[in-house]
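Can you build the whole structure from these sequences, using the hints too?
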Amino acid sequence: MTSSKPSRSTLSGSEEGSELENEIRVNMVSLGCPKNLVDSEMILGKLGQEGFVLTPDAGEADVIVVNTCGFVESAKEESVNTILEACKLKQDAETEKKVVVTGCLGQRYGEELSREIPELDAIVGLGEYDDLGNALKGLFGKTDGGLYLQVSDPDKACNAEVGRFRLTPAHYGYLRISEGCDNPCTFCSIPAIRGRFRSKSIEMLEAEARELVESGASELVLISQDTTSYGVDIDGRFRLAELLRRLAAIDGVEWIRLLYAYPAYLTDEMIDAIAELPEVLNYIDIPLQHISEKMLRHMGRRMMETKTRDLLDRMRARIPGLMLRTTFIVGFPGEDDTEFGILRDFVRDFEFERMGVFPYSKEEGTPSAEFEDELPQELIDERLEELMLIQQEIAFRHNRQRAGEISEVIVDSAEEEREDPLEGAPFRAAIARSYGESPEIDPVVFITAPGAEPCEDEPPAAMPEGVLELSCEPPPPLPAAGERRTVEIIGGRGYDLLATIAGSGEHERKNAGR
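The opening position of the sequence shown corresponds to residue 811 in this note's numbering, with each subsequent residue numbered one higher.
The hints are simulated quantities; they were obtained by calculation from the structure and are not laboratory data.
A hint or two may mislead.
Distance condition first, Cα-Cα at most 20 Å in a straight line; then the derived PhoX-like pairs of lysine-lysine [as the list claims (entries may be wrong)]:
#1 Lys856 / Lys947
#2 Lys966 / Lys856
#3 Lys845 / Lys966
#4 Lys947 / Lys900
#5 Lys1104 / Lys1117
#6 Lys856 / Lys845
#7 Lys1172 / Lys1104
Cβ pair distances, simulated, as ranges [as the list claims (entries may be wrong)]:
#8 Glu1293 / Asp1155: 38 to 46 Å
#9 Glu1203 / Leu894: 37 to 45 Å
#10 Ala1085 / Gln1211: 41 to 49 Å
#11 Glu1013 / Asn944: 25 to 33 Å
#12 Ile1044 / Arg925: 37 to 45 Å
#13 Glu1013 / Ala1085: 20 to 28 Å
Note that the coordinates shown come from a computational prediction; the quantities given were computed from them, not determined experimentally.
For every residue, glycine included, the Cβ atom is placed at its ideal position computed from N, Cα and C.
This is the structure we're talking about:
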């Protein structure tokens, strides 16, 4: 994936809590990363408990909450456009409707948004969600016409994120293990938006994990701004390995997936835990951003080229069938042909299983925004395309090599008619993931039905002699969302994979990632 456009999640059901004196219907649009999605789930869960009616229809809602992303320029544009769409619905509505902004854009640019978009009714910062219900109630019946603006320091202690209104499919859930970031990356605005690094306690996370399991999740996707620093702010020790072992011991947890691993803090103890625990998938998302020594120093990264290469080699040697996902930034100020060439050769030689490339985004208030030697956008785009073409060749070859592999998958979406990702023609398939595919960000496994069985009886007299290709029985139904199946990979479809349900006999798993 090359786009930094944020993902969008909308309410897909309705839920009623205790009755308010005057029923207020709330619709939410959630933009951005999984961390923001957890915020959205917490907001909706609390509003539902307070008696608000949650609706997937923005047109019928009394309040539209836009939970924004403000990480890079394209994300800001997406957020602003979504806010303006909500304001247009408000303007065209026949009844009173309110528009409320939450999330990173509101946290960072609350004052500016209040001036630039006067149609807004409220802007609520990251640390103020507990009082959001009272703020929404106060919007109705106001006569002063003023905007409610509440944005404060985000450095509040982490609370248990329980009682969420789930926006993901029931069979997986995001488990946010910490908040904020202390790393000095010169291009990143997250510390200014989300605050300092704060870990949750292991006991708190165990409670959250159990609630996710009770609501149907068998896959926990661990997220934060920096998962590998988990625990260091509590007692000075990196405690991710301990956390993984505690989570793996919870009944009902079948898969644990690790995202946002900062490479400088990925210890041998963590690598051992991933290799040894059957529940922890042999999949790691480890954003590297670059490999050139010069660029890593300019970016303020804490692990340089030699140690990065050594870490990756140790991980691949220790963890069988490891699927490594990473991201790189191209076009950072000062990236000349030599530095880009080092990155290009690294991408070609190392052959990451999953890789994303993002164009450098100049973020206000970050150190790199003051750097000289900016690159023209045309050159940045050329470099991005060059890297993605290299990765495309690698990914397609890896897919061909997986043909014949027997793997366990979990179904995200039941069988329906879909568009062929290469040819555009319709075909029927369920969408699933193996251990090597993270939700939303990675390719998928299309499970297709085998052909119908030919008739065993004699063909009708009217049929030409020898024709036995009559479909007496329709193909068996494909598995439903949330079900696990053993499949055989039969080929690739672009970045995606094609598979069929494996036979009933015993199969040896090849790189099944447990």
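Right, here's what the structure says about each hint:
1. Lys856 / Lys947: holds, 14 Å
2. Lys966 / Lys856: holds, 18 Å
3. Lys845 / Lys966: With Cα atoms ~16 Å apart, Lys845 and Lys966 stay inside 20 Å; holds.
4. Lys947 / Lys900: Since the Cα atoms of Lys947 and Lys900 sit roughly 17 Å apart, the hinted pair holds (cutoff 20 Å).
5. Lys1104 / Lys1117: holds, 14 Å
6. Lys856 / Lys845: Holds - the C-alpha atoms of Lys845 and Lys856 are around 17 Å apart, at most 20 Å.
7. Lys1172 / Lys1104: Holds: Lys1172 and Lys1104 sit about 19 Å apart, inside 20 Å.
8. Glu1293 / Asp1155: 38 to 46 Å: holds, 43 Å
9. Glu1203 / Leu894: 37 to 45 Å: About 40 Å separates the Cβ atoms of Glu1203 and Leu894, which means 37 to 45 Å holds.
10. Ala1085 / Gln1211: 41 to 49 Å: Violated - the Cβ-Cβ distance for Ala1085 and Gln1211, about 22 Å, lies outside 41 to 49 Å.
11. Glu1013 / Asn944: 25 to 33 Å: holds, 30 Å
12. Ile1044 / Arg925: 37 to 45 Å: Roughly 40 Å apart at Cβ, these two residues keep to the hinted range, so it holds.
13. Glu1013 / Ala1085: 20 to 28 Å: holds, 26 Å
Consistency note: the structure conflicts with earlier hint 10 alone.
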